[in-house]
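Could you put the whole structure together from the sequences, leaning on the hints where they help?
Number of protein chains: 4
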Amino acid sequence: MKSQIVTFLIQCPDQKGLVAKITNFFFEKGFNILSCQQYVNSIENTYFMRIRLNADGTILSKKELESSFLELSTPLHFKWSVHYSDKKQQVAILVSHTSHNLYDLLERYKEGNLNCTVKMIISNHEKLKPIADMFQVPFYYIPVIANDKSKQEKQLMELLDSHQIDLIILARYMQILSADFINAYPEKIINIHHSFLPAFQGANPYLRAYERGVKLIGATAHYATEDLDEGPIIEQDVKPVTHESTPTTLKKIGADIEKLVLARAVNNHLNHQIIVSGNRAIVFPETGE
Amino acid sequence: MKSQIVTFLIQCPDQKGLVAKITNFFFEKGFNILSCQQYVNSIENTYFMRIRLNADGTILSKKELESSFLELSTPLHFKWSVHYSDKKQQVAILVSHTSHNLYDLLERYKEGNLNCTVKMIISNHEKLKPIADMFQVPFYYIPVIANDKSKQEKQLMELLDSHQIDLIILARYMQILSADFINAYPEKIINIHHSFLPAFQGANPYLRAYERGVKLIGATAHYATEDLDEGPIIEQDVKPVTHESTPTTLKKIGADIEKLVLARAVNNHLNHQIIVSGNRAIVFPETGE
Amino acid sequence: MKSQIVTFLIQCPDQKGLVAKITNFFFEKGFNILSCQQYVNSIENTYFMRIRLNADGTILSKKELESSFLELSTPLHFKWSVHYSDKKQQVAILVSHTSHNLYDLLERYKEGNLNCTVKMIISNHEKLKPIADMFQVPFYYIPVIANDKSKQEKQLMELLDSHQIDLIILARYMQILSADFINAYPEKIINIHHSFLPAFQGANPYLRAYERGVKLIGATAHYATEDLDEGPIIEQDVKPVTHESTPTTLKKIGADIEKLVLARAVNNHLNHQIIVSGNRAIVFPETGE
Amino acid sequence: MKSQIVTFLIQCPDQKGLVAKITNFFFEKGFNILSCQQYVNSIENTYFMRIRLNADGTILSKKELESSFLELSTPLHFKWSVHYSDKKQQVAILVSHTSHNLYDLLERYKEGNLNCTVKMIISNHEKLKPIADMFQVPFYYIPVIANDKSKQEKQLMELLDSHQIDLIILARYMQILSADFINAYPEKIINIHHSFLPAFQGANPYLRAYERGVKLIGATAHYATEDLDEGPIIEQDVKPVTHESTPTTLKKIGADIEKLVLARAVNNHLNHQIIVSGNRAIVFPETGE
Numbered sequence: 001m002k003s004q005i006v007t008f009l010i011q012c013p014d015q016k017g018l019v020a021k022i023t024n025f026f027f028e029k030g031f032n033i034l035s036c037q038q039y040v041n042s043i044e045n046t047y048f049m050r051i052r053l054n055a056d057g058t059i060l061s062k063k064e065l066e067s068s069f070l071e072l073s074t075p076l077h078f079k080w081s082v083h084y085s086d087k088k089q090q091v092a093i094l095v096s097h098t099s100h101n102l103y104d105l106l107e108r109y110k111e112g113n114l115n116c117t118v119k120m121i122i123s124n125h126e127k128l129k130p131i132a133d134m135f136q137v138p139f140y141y142i143p144v145i146a147n148d149k150s151k152q153e154k155q156l157m158e159l160l161d162s163h164q165i166d167l168i169i170l171a172r173y174m175q176i177l178s179a180d181f182i183n184a185y186p187e188k189i190i191n192i193h194h195s196f197l198p199a200f201q202g203a204n205p206y207l208r209a210y211e212r213g214v215k216l217i218g219a220t221a222h223y224a225t226e227d228l229d230e231g232p233i234i235e236q237d238v239k240p241v242t243h244e245s246t247p248t249t250l251k252k253i254g255a256d257i258e259k260l261v262l263a264r265a266v267n268n269h270l271n272h273q274i275i276v277s278g279n280r281a282i283v284f285p286e287t288g289e
Numbered sequence: 001m002k003s004q005i006v007t008f009l010i011q012c013p014d015q016k017g018l019v020a021k022i023t024n025f026f027f028e029k030g031f032n033i034l035s036c037q038q039y040v041n042s043i044e045n046t047y048f049m050r051i052r053l054n055a056d057g058t059i060l061s062k063k064e065l066e067s068s069f070l071e072l073s074t075p076l077h078f079k080w081s082v083h084y085s086d087k088k089q090q091v092a093i094l095v096s097h098t099s100h101n102l103y104d105l106l107e108r109y110k111e112g113n114l115n116c117t118v119k120m121i122i123s124n125h126e127k128l129k130p131i132a133d134m135f136q137v138p139f140y141y142i143p144v145i146a147n148d149k150s151k152q153e154k155q156l157m158e159l160l161d162s163h164q165i166d167l168i169i170l171a172r173y174m175q176i177l178s179a180d181f182i183n184a185y186p187e188k189i190i191n192i193h194h195s196f197l198p199a200f201q202g203a204n205p206y207l208r209a210y211e212r213g214v215k216l217i218g219a220t221a222h223y224a225t226e227d228l229d230e231g232p233i234i235e236q237d238v239k240p241v242t243h244e245s246t247p248t249t250l251k252k253i254g255a256d257i258e259k260l261v262l263a264r265a266v267n268n269h270l271n272h273q274i275i276v277s278g279n280r281a282i283v284f285p286e287t288g289e
Numbered sequence: 001m002k003s004q005i006v007t008f009l010i011q012c013p014d015q016k017g018l019v020a021k022i023t024n025f026f027f028e029k030g031f032n033i034l035s036c037q038q039y040v041n042s043i044e045n046t047y048f049m050r051i052r053l054n055a056d057g058t059i060l061s062k063k064e065l066e067s068s069f070l071e072l073s074t075p076l077h078f079k080w081s082v083h084y085s086d087k088k089q090q091v092a093i094l095v096s097h098t099s100h101n102l103y104d105l106l107e108r109y110k111e112g113n114l115n116c117t118v119k120m121i122i123s124n125h126e127k128l129k130p131i132a133d134m135f136q137v138p139f140y141y142i143p144v145i146a147n148d149k150s151k152q153e154k155q156l157m158e159l160l161d162s163h164q165i166d167l168i169i170l171a172r173y174m175q176i177l178s179a180d181f182i183n184a185y186p187e188k189i190i191n192i193h194h195s196f197l198p199a200f201q202g203a204n205p206y207l208r209a210y211e212r213g214v215k216l217i218g219a220t221a222h223y224a225t226e227d228l229d230e231g232p233i234i235e236q237d238v239k240p241v242t243h244e245s246t247p248t249t250l251k252k253i254g255a256d257i258e259k260l261v262l263a264r265a266v267n268n269h270l271n272h273q274i275i276v277s278g279n280r281a282i283v284f285p286e287t288g289e
Numbered sequence: 001m002k003s004q005i006v007t008f009l010i011q012c013p014d015q016k017g018l019v020a021k022i023t024n025f026f027f028e029k030g031f032n033i034l035s036c037q038q039y040v041n042s043i044e045n046t047y048f049m050r051i052r053l054n055a056d057g058t059i060l061s062k063k064e065l066e067s068s069f070l071e072l073s074t075p076l077h078f079k080w081s082v083h084y085s086d087k088k089q090q091v092a093i094l095v096s097h098t099s100h101n102l103y104d105l106l107e108r109y110k111e112g113n114l115n116c117t118v119k120m121i122i123s124n125h126e127k128l129k130p131i132a133d134m135f136q137v138p139f140y141y142i143p144v145i146a147n148d149k150s151k152q153e154k155q156l157m158e159l160l161d162s163h164q165i166d167l168i169i170l171a172r173y174m175q176i177l178s179a180d181f182i183n184a185y186p187e188k189i190i191n192i193h194h195s196f197l198p199a200f201q202g203a204n205p206y207l208r209a210y211e212r213g214v215k216l217i218g219a220t221a222h223y224a225t226e227d228l229d230e231g232p233i234i235e236q237d238v239k240p241v242t243h244e245s246t247p248t249t250l251k252k253i254g255a256d257i258e259k260l261v262l263a264r265a266v267n268n269h270l271n272h273q274i275i276v277s278g279n280r281a282i283v284f285p286e287t288g289e
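Residue numbers (full-length UniProt numbering), protein chains in the order written: chain S, 1 to 289; chain A, 1 to 289; chain R, 1 to 289; chain B, 1 to 289.
Think of the hints as simulated: they come from the structure by calculation, not from any bench.
Model, not experiment: these values are computed from the prediction.
A few of these clues could be false.
In silico lysine-lysine, DSBU-like type, Cα no more than 30 Å apart, as pairs [unchecked claim]: (1) R:Lys16 - B:Lys29; (2) S:Lys16 - B:Lys29; (3) B:Lys251 - A:Lys239; (4) A:Lys63 - R:Lys16; (5) R:Lys251 - S:Lys87.
Derived list of chain R stretches under chain S, where covered just means 3 residues or more per stretch with a C-beta under 8 Å from a C-beta of chain S [said to hold, decoys possible]: (6) 10-22; (7) 98-108.
Virtual Cβ for every residue (Gly too), placed ideally from N, Cα, C.
Here it is as structure tokens:
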């Protein structure tokens with residue numbers, strides 16, 4: 001295997017000797033273990049590992065690695081995935097009218113701080129095309145015509161699949177996606193919601209935050225699931241506010257939180273730091289990589 | 001008026017010249033204005049002022065001050081209250097089984113950091129009596145017998161009223177109070193709820209926070225109203241948590257937030273920094289007093 | 001005066017009746033007081049006011065307003081300034097190699113969230129010209145030749161003055177400016193330093209933060225003064241970090257803090273929320289404007 | 001070994017196969033690995049592990065475990081320590097006049113949230129004896145007489161050693177301890193400093209924070225070393241403040257930060273989460289234990 005980093009994400013029923021068995025396996029195959037992070041859920045008695053390997057010392061091919069790992073994992077009932085650093089992920093960003101998250105993501109991308117290729121920006125409006133042009137990323141305008149969403153979603157899926165998109169970022173995309181669409185990309189769609197979920201699910205969170213008189217506002221990045229705003233939470237953050245804030249100023253204050261929260265969640269996903277278990281996202285911290 | 005600080009809390013329809021008229025009034029009466037904080041709600045077109053006065057320079061009595069202020073305020077449709085620093089507020093703390101908020105409040109009281117007299121601790125259980133004894137504060141055990149809450153509430157009210165209690169602190173008091181009780185003490189009951197409201201209203205917020213997989217937990221201090229956990233929010237804070245947290249560890253982490261949030265809210269109330277308007281609490285910052 | 005907002009910033013020795021006298025003055029002149037924020041420094045016995053006025057109701061010209069305010073202010077020993085909303089401030093951004101603050105400021109500007117005109121970007125390197133071009137802001141390359149800084153500073157000043165620049169933002173500008181330059185623009189130069197001052201003044205704060213093993217890193221925006229990193233602090237923020245962070249990852253984490261801190265400080269300045277007293281910056285909160 | 005948790009803290013030069021070798025060792029000895037946390041410092045090429053074991057499945061005695069681990073560790077150049085849950089640590093708290101940290105620690109102790117035995121409170125003043133009495137912890141008054149510190153320190157050491165104290169907490173103890181004293185308890189003395197070090201080392205940090213006009217204040221818990229306020233940092237936190245704060249209000253605001261920071265640091269130490277390397281403290285997060 002040519003010089004690269006290999007990351008395994010593993011979950012299985014907890015049992016004695018797991019870390020020894022797994023780390024031995026990679027040690028014997030000639031890998032150098034860069035980091036090995038674990039989490040034991042003692043309530044559900046489940047075990048989770050993220051292990052990062054330097055492949056310089058191994059003679060195995062990807063195929064050989066995966067088939068021999070399968071032998072180890074099957075009797076132990078692993079649910080696992082493997083990720084190779086030589087494979088850059090393909091990302092699509094979906095937007096509508098709001099631009100701050102798009103600007104932020106593209107700036108980080110341009111700066112070399114998003115480990116992916118942003119293949120396209122897709123929108124149901126033309127408004128943000130100039131930003132895509134500024135950053136020289138292809139922009140696709142796919143409107144919802146005559147409220148026929150299914151038709152538009154079909155176009156979306158054709159476009160995404162024709163480019164083998166690995167991650168779909170809903171950067172304030174203001175259309176509700178159908179269950180069919182969502183389920184076609186399990187754990188591959190990250191949405192930013194502009195409240196600290198589960199508070200203020202649904203529409204107009206800042207207005208409702210104002211009306212409720214909360215003393216902090218926030219944002220939540222989560223994987224999209226059939227149930228709107230109910231998916232596994234990846235990242236959340238908040239900022240204190242006072243009675244002085246109007247719904248308009250809350251929106252401005254919130255924009256900065258939304259940018260940070262979505263960018264962190266996307267990075268966690270691109271670095272393969274996340275394992276989803278039920279409705280909870282296990283997010284392992286970065287290990288200085 | 002003997003040397004003291006006078007604080008007026010005022011709300012009224014917004015109109016031209018308010019600050020000039022009010023500050024003039026006090027200036028001409030010989031008061032020195034220590035601080036004058038305002039808030040204009042441009043959505044509801046309402047005006048709010050907190051003004052703190054040094055009374056050394058005035059010859060007015062409290063009675064004279066209030067009657068002459070009434071002349072100013074009536075045509076301007078003020079809703080107002082006045083508070084004198086020589087009148088220490090009488091506080092009752094209600095608890096059940098959980099002790100961390102009680103410890104925290106009593107420590108601050110003992111340290112001279114709560115501007116009030118803690119007249120009593122009341123509980124529907126005997127468990128926390130030793131803490132009351134440690135801090136030498138009278139402890140009243142008023143259990144709910146045969147689920148007859150109304151009877152217990154009657155006893156509570158008699159006790160509170162016989163001591164002219166100005167502020168009731170629900171420091172993790174685990175009984176739901178009746179509308180009659182709540183309405184007998186408008187804006188005089190502060191409750192701590194162990195979640196960042198409106199998320200996780202009701203019971204077991206930490207368990208539900210674990211189940212939802214949120215990445216931050218929090219606490220909210222609010223005035224108690226008929227609608228449980230729906231009253232005006234005074235203070236909120238949160239702390240980041242990770243997937244490692246169990247409902248038990250969330251409880252521990254949360255305890256520190258609950259202590260800070262309740263203590264801040266109580267101080268804001270005791271310093272007369274709060275004006276309630278509808279379901280929103282205008283909380284003016286401390287002014288170095 | 002045609003419809004606009006007028007903001008006065010006032011500091012003077014504390015004395016009785018100030019707020020009444022000042023608010024009366026504006027009331028009688030027909031102004032509507034939108035907000036009136038004060039701060040009394042009881043240690044130095046000084047008084048500070050920021051008062052925002054709606055000029056619709058007045059018949060005064062700017063000239064008349066200022067001359068009649070002078071009559072009020074002189075006997076009271078005011079140090080004051082007045083700012084009119086119809087006068088957009090002219091801003092210059094100085095940069096070197098680091099781009100994240102520049103991106104962030106230009107994005108906010110483009111989004112209409114910086115109340116100013118960004119007239120130019122100036123750099124001692126050509127590296128960031130493409131970003132200036134993306135956002136269509138004039139870029140001036142003024143290198144330091146043969147280490148003759150005075151020559152380069154002279155060019156800078158000519159350029160800045162020929163465009164009547166009101167605010168100079170040092171967005172990671174990596175040249176130390178001379179006292180002559182600094183003193184030519186008192187309280188008109190905002191610098192971002194990538195540490196929570198006074199910790200890690202001077203060079204390489206992230207490396208030194210790593211070496212010291214701090215558990216949080218931060219950024220500080222301050223007015224530039226002769227003494228490097230010693231000027232009045234406008235804004236600071238921090239983020240927790242762990243032992244996992246290398247100087248390189250600290251730099252990345254810090255970039256997000258630097259962006260928020262500089263943007264907030266610049267907004268505070270552009271909204272005339274700041275009064276400098278000695279080496280301390282009084283920063284009044286935004287009042288929902 | 002009777003049912004208990006065993007925690008190993010290991011540091012050594014980084015090398016291939018470490019995690020496999022170590023986890024195998026414990027697996028083969030019949031231990032169940034509860035958690036295994038690692039950190040690789042790629043700059044100094046050093047490796048750190050905290051591994052927690054359930055000893056139910058082993059037949060080894062402590063002696064046997066340690067001697068056989070020695071065989072593994074010597075060729076790999078481990079610096080290591082082992083900690084058994086059946087051994088409660090003995091703690092001494094040193095104080096002077098300031099009481100908030102003492103109250104906080106004793107409350108947590110009383111609540112069962114400090115995994116240790118608080119054997120004694122020692123002070124160079126009698127002022128805080130009543131608090132020790134409230135919580136029924138032995139109080140020792142050891143004043144500094146005729147400025148003869150060495151004499152007082154000798155008394156301190158005799159007292160600490162006669163009770164086999166494992167951890168000394170300087171909870172605002174206002175005497176500078178000699179190098180001899182400090183070096184007698186390496187990594188066994190935790191001090192709380194009331195600033196975000198390295199800012200405001202030395203005396204009166206809050207006064208200097210006021211004078212510098214910082215926008216946040218903080219606290220730092222660190223291991224005491226010969227160089228005052230220079231020891232490895234365990235925990236830090238900050239809180240935003242405004243120009244309104246006086247040195248007095250900063251002290252009040254800071255007290256809450258000091259309490260949280262010291263308590264967290266003490267818990268990290270008592271849970272054996274910390275490995276010190278040079279002047280940096282590697283603090284592994286709690287693992288839901």
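Outcome of the hint check:
At most 30 Å may separate the alpha-carbon atoms for a hinted pair to count; Lys16 (chain R) and Lys29 (chain B) exceed this at roughly 80 Å. Using a Cα cut-off of 30 Å, the hinted pair Lys16 (chain S) and Lys29 (chain B) holds, with the two alpha carbons roughly 12 Å apart. With a C-alpha separation of about 23 Å, the suggested pairing of Lys251 (chain B) with Lys239 (chain A) holds against the 30 Å cut-off. About 24 Å separates the Cα atoms of Lys63 (chain A) and Lys16 (chain R), which keeps this hinted pair within 30 Å; it holds.
Restraint check for Lys251 (chain R) and Lys87 (chain S): satisfied, since their Cα atoms lie roughly 26 Å apart, inside the 30 Å limit. Taking a C-beta to C-beta cut-off of 8 Å, the stretch 10-22 of chain R contributes 0 residues in contact with chain S, too few for the three needed, and the coverage statement is violated. Counting residues of the stretch 98-108 of chain R whose C-beta sits closer than 8 Å to any C-beta of chain S gives 5, which meets the bar of three, so the coverage hint holds.
Checked against the numbered hints listed earlier, the structure breaks hints 1 and 6; every other hint is satisfied.
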